[in-house]
Amino acid sequence: MYGRGLRALSISTVAVMALALALVFFWAPLEAEQGFLQKIFYVHVPLAIVSLCGFVAGGLLAIQHLRTRDPRWDMRSYVAIHMSLIFGVATLITGSIWAKGSWGHWWVWDEPTLVSFLIVFLLYATYQPLRFAIEDPERQSRYASVFAITAGAFVPLNFIAVRASTAYVHPRVLGATSNLPWQMSLTFLVSLTAMTLLFVTMCKYELTAKHTRAQLRALRRLADRRSGTASPAPRSGRSAAPSVHATAMTAPPGQGPKAR
Amino acid sequence: MRRTVGALLRKELLVELRTLESVPGMSLFAVTTFVVFHFALHRNSVDGDLAAGILWVTLLFAAILGINRLFVADADQGGFDAFLLAPVERSALLFAKAITLLAYLVVLELIAVPAFGLLLLGPSLGHALPGLIGVLALGDLGVAAIGTLVAALTVRTRARDLLGPLLALPLLVPVVIGGARASSPLLALGHTGAPAARWLLTLGLYDLVFGLIAYALFDFLLED
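Chains as they are written, first to last, in numbering that gives the first Met the number 0: chain A, 0 to 259; chain B, 0 to 223.
Same shape as in the complex, but just chain B (with noise of 0.2 Å):
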């Protein structure tokens, strides 16, 4: 299981690095979104809620772009049919596609999140470094486990460009709502201690559920 997971991760991650498809149109839609948001709403620097709403509205859209692209591969190049000729478990594509996923978010944020204290955040991102990191960690967890069903579950549908944001995007609300708020009091003015325990329990909740979920159900979407 092991072997299998590393030999697709280090497939997804060479294809990504000899394509160059998902990672840096997701990193240049979050920054690009920053600009949009900096005329949108009128203002030069924001702080709190604000802050914390426009930074995971704009992950959460751009992680969706990297969702969108996961499997077009496979559908369209025959990687699902060559990956059930293969005496693998098929839980193991789950799993690299969702360390894939994880690891194309953690590349977006090492971007975004800089590119965000620089355009728009007033306080300093310095103090509220360390608690984003672990919020924004734990919301990552959530949407690779539910950004790579929805991935699964859309790729062979006809208009799946249109489904697949359609689908995410309410499941992915409980993931803004504990993200938004647990980052919120950390991007404030004066940097208002530390985020509340029940969003951050809120998100790992979520994150538990919805891996279980995608495990459980993933085998049924590559049966044919």
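Extracted from the complex, chain A is given alone in its bound form (with noise of 0.2 Å):
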């Protein structure tokens, strides 16, 4: 059930992808100031942005996962900030690429928008550490999310006190797309769009992994079971991500398993 669409999705995906791709090389325009340098900012712009996003469905996945207790939107939540930390690690290495082209050094402080992306990235970089230290899965998914929730609200809050702190110099782009010749913003939303897709394809790629393999470790165990021979010791080894349990196969429909 989870596998459902993921076809169809992924290859959405790769055309949109590579329609993004054709038009930032092909069509948009140079910049003037910047030249071929400029196109990174395609790249740059909507990494952040999906991963920041991503950050905070984290959190609002998180709020559901306490109101309903029910362990697949903690797994949900638990996949988009995985998924988010990657495209953060990426939006680091690209925004640092640009500032070292335009501006000559690797790392700007003066730049709001990369500064107040670092303290996130370093906050929720202590997400998983924080799952692995809690040993109870009931638990660990609980105070996960708290986590995502708390640093979830942080995002935005930080975004305000840092812009606040620093002189401004960062290419604008939300709320300024309006400055940029219209074949610039068309190719900007054409790539914000691909990297949508990417990061929703992704996650549901990880969301399916972790549900087949919970699901093949059941039916192993099932089989062992039948064939009489005993069944392997259940695996002790603890895991920063959420574990979803065999009884996913048995329990009916709409119903979620319980982590106890």
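Don't take each hint at face value.
Just the calculated beta-carbon pair ranges, DEER-fashion [said to hold, decoys possible]:
hint, chain 1, residue 1, chain 2, residue 2, range
1, A, 138, B, 9, 24 to 32 Å
2, B, 192, A, 33, 32 to 40 Å
3, B, 86, A, 188, 53 to 61 Å
4, A, 211, B, 77, 37 to 45 Å
5, A, 104, B, 192, 27 to 35 Å
6, A, 92, B, 41, 30 to 38 Å
7, B, 214, A, 214, 38 to 46 Å
To give a feel for the contact side, a few chain B residues facing chain A, derived at Cβ under 10 Å [claimed, not checked]:
hint, residue
8, 165
9, 198
10, 219
I should point out that these hints are in silico values taken from the structure, not numbers from a laboratory. Backbone N, C-alpha and C fix where the C-beta goes; we use that ideal spot for every residue, glycine too.
Fit the two chains together into the complex; they arrive one by one in their own frames, and the hints show the way.
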């Protein structure tokens, strides 16, 4: 059930991604001051926006988890934050390259967006260590949700504080798209769509993979029990990822597996 | 509710008075850090941005010492279980702990700020004091709210001594930004003007948002 629509989603992601790259390299006009370097804008900015939205979405999914106590929401929140962290690394790297190219330094402190992104990234980097440090799975998911909500509220607040504190030099994108030539804004919007699709597809892949693995493990245990061989001891290793329990298979649809 | 908070607060302060586990350590840490800054920066006196930065970093790190210890006795000696057995609202514990942390911070500042004026600050402390008290109070509220939440979140994890500061530091960056920028004109040579309103506004907004978030989420940390 997790894999449904995965193929269509993947194909459309690849198609929109290809379209976005084609527009970026062959159609969008060169920027007067920065030249070819400015093309990284079509990668860096969508990455940053998608990853921040992913962090906030992780918080919203965590609210849903605390309200319903359904571990599937915790899994979604985990996957959203996990994926956003990966996109976050990519954002920091592309941002650094852009900064080096246009200002001559790998890191620029008087650029509020980059700095606040780093703070947010450092905060979310503690999400998995926090999960990993709690052994009881039910408490792990509950505490992780509390963290995800707090951090999700921190994202916009942090941007306000950092932006207020620094001189403004960053090429502001949102709210100033009207200053761009329309070819550039259109290319940017297509890139943003492509990046969002990529994020959603990757999340769906991770969810499907985790679910499939849990089902496989349950089936294997079932087969072992049928054939009379002693089932191997359940995995004792702790994990930062929320566990999908084997009972998910036998639970009636619409009723989430209970963690305990 | 008020009676519960009062009783818990009395217990917290009594325990602290008898064991002296947190506040003396925090204050000593702050004073030692000023000495370290003197040698590390090779400066006999500081003012302006530098002074504000040193003061806030020191207070923040000292606060983290207190945050780390805030729930340790409850987690290790069954305080949580006893509290959960009592038929009282759970947020009472949040309020009591946050007020306790606030009291720790106030005592810490009563010692650390005069020590800072004595050891490192170039301009006289007297002129800065009225404004500084206001800025510190706003900052303390935010530290108390987020500190209590982080302390409750990390106390029952393995490696809690590590996770507490790791979580608290990035969350408290806006407090440092607002606090340091607001107090820097107060600590400048010649005492150039009052803190800009937007820093006080940032601090106030932070206090409000994270106060509400801590209130909304604290119950979920106390379920087992």
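Taking the hints in turn, this is what the structure says about them:
Here the CB-CB span from residue 138(A) to residue 9(B) is close to 30 Å, well matched to the stated 24 to 32 Å. Restraint check, residue 192(B) to residue 33(A): a C-beta distance of roughly 39 Å satisfies the suggested window 32 to 40 Å. The supplied range of 53 to 61 Å is met by residue 86(B) and residue 188(A), whose beta-carbon atoms lie about 57 Å from each other. Take residue 211(A) and residue 77(B): their Cβ atoms lie about 42 Å apart, and the range 37 to 45 Å holds.
Against the hinted window of 27 to 35 Å, the Cβ-Cβ separation of residue 104(A) and residue 192(B) comes to about 32 Å, which satisfies the hint. Between residue 92(A) and residue 41(B) the Cβ separation comes to about 36 Å, which falls inside the hinted range of 30 to 38 Å. At roughly 40 Å, the beta carbons of residue 214(B) and residue 214(A) sit within the given window of 38 to 46 Å. At a threshold of 10 Å, the smallest CB-CB gap from residue 165(B) to chain A is about 5 Å, leaving the interface hint in force.
At its closest, the beta carbon of residue 198(B) sits 8 Å from a beta carbon of chain A; the interface hint therefore holds under the 10 Å criterion. Checking residue 219(B) against chain A by beta carbon gives a least distance of about 5 Å; that is within 10 Å, so the hint holds.
Hint compliance for this structure: no hint is broken.
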